[in-house]
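**Q** Here is what each chain is made of, one letter per residue.
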Amino acid sequence: MSNWVPTDGTGENFIDWLYARGKQRSDRIPEFDAEKTLRRARAVRDAGAVNFWNVLSPTERRAFESAARRQAFPAGTALMREGERADDVIVIIDGWTKVCLDEGGRERVIAERGPGDLVGERGTMPGNVRSASVIALDTVQALVMRTADYAAFVREHPGVPDLVEKQTYDRHTGRPGTR
Amino acid sequence: MPPQAPYGDAESLFRAVYDDLMRAAYALLGNDADTEDAAQNSFHKLMVAWTRVGGLPTAGEQRAYLVRIVINESLQILRYPYRRWERLGVDAGEWGAIQESPDESVQAREDLRLAWKAISELPAARREVVILRAAGYEYEEIAVRLGISISTVRSHINHARQQLSRAGARGRERRKNE
Chain X
1207 MSNWVPTDGT GENFIDWLYA RGKQRSDRIP EFDAEKTLRR ARAVRDAGAV
1257 NFWNVLSPTE RRAFESAARR QAFPAGTALM REGERADDVI VIIDGWTKVC
1307 LDEGGRERVI AERGPGDLVG ERGTMPGNVR SASVIALDTV QALVMRTADY
1357 AAFVREHPGV PDLVEKQTYD RHTGRPGTR
Chain W
5 MPPQAPYGDA ESLFRAVYDD LMRAAYALLG NDADTEDAAQ NSFHKLMVAW
55 TRVGGLPTAG EQRAYLVRIV INESLQILRY PYRRWERLGV DAGEWGAIQE
105 SPDESVQARE DLRLAWKAIS ELPAARREVV ILRAAGYEYE EIAVRLGISI
155 STVRSHINHA RQQLSRAGAR GRERRKNE
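Those protein sequence lines, which keep their order, are chains X and W.
To convert a position in the first sequence, counted from 1, into my numbering, add 1206.
To convert a position in the second sequence, counted from 1, into my numbering, add 4.
Read the hints as simulated data drawn from the structure, not as lab findings.
Zero decoy hints are in this set.
Here are the simulated DSBU-like cross-link-like pairs (lysine-lysine), alpha carbons at most 35 angstroms apart as the crow flies: (1) W/Lys-121 - X/Lys-1242; (2) W/Lys-121 - X/Lys-1304; (3) X/Lys-1242 - X/Lys-1304; (4) X/Lys-1242 - X/Lys-1229; (5) W/Lys-121 - X/Lys-1229.
Cβ-to-Cβ under 10 angstroms is the rule here; a few derived chain X residues that face chain W: (6) Phe-1220; (7) Arg-1231; (8) Ile-1235.
Label-pair restraints from in silico Cβ distances: (9) W/Ala-53 - X/Thr-1345: 32 to 38 angstroms; (10) W/Gln-166 - X/Lys-1229: 21 to 27 angstroms; (11) X/Ala-1284 - W/Arg-19: 28 to 34 angstroms; (12) W/Asp-36 - X/Arg-1291: 31 to 37 angstroms; (13) W/Pro-127 - X/Ala-1357: 41 to 47 angstroms.
Quick reminder that beta carbons are idealized off the backbone N, C-alpha and C, glycines included.
Based on the provided sequences and hints, a complete structural model is requested.
**A** Next comes the structure, spelled out in structure tokens:
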């Protein structure tokens, strides 16, 4: 036990103590699963952008609304399902959702998305498949837009794709969702 | 690692250095769940930043960039609202030993907290070197991973020792006065 405490706390030998411990700990590393990490990260990326709606200009919002349809999702229903074809993108107007993966029969929540967030942004790549499910936690009001229409919307409003990328990036300076 | 052409996509780069990244993150975070989160966030960030990372001239620079991402992501997790400094860098096995002796446990944890806090306040380049050292790497290995010379590594470690030593002295001083 006494050898646990670093010499003098933060003293000169502390780095040596950390090094010794780090060498020991490196035995643990093969237990981590790169495939799982890659899959989760992709799903987070595909889960779209936080705060998408709020950073659009009023003109962009009107354009988006006129090209989208309104849809309500009761609590517990899926806005999109892992493995299905990605035919549209969705902006959540009201209510909350969880973004989750099926990991060998166990559900892993990797993010939460709520009002103003865009989900299924990878829907803009033709022929894509959903990499995660998005499930309504309460009644969700949303704007659903076909992939082709979203692609046109992005073309006509050149500021949008950058903004999505930036939002996605900023969000992940924190940690995704909850456990 | 021999010099080589840059990686063509984010995934090959990530796979190539996966073990190293996990070691560095685990050294900082001390538990599986946070380490996995740090790795996941890092790969996500790498994909988003790929236009930039993909354009770096050598594989070494790409690896160094990714090491930086992982260290930053790990530090972000430590900063996140949970106040993780409380259990910073103490892994499950060590907790058992610490908890057997409550008095020492408080002291040890406080020491470790102050030490990591001091490390997090080092200049970025120095901090990266110290964190890789804490992941159990030799100087040569750190040099390769960060694309710097061994003497630069040595110099960072020496300066860090002095800085941490001063931080430790300040911490002890504060405790004495409490």
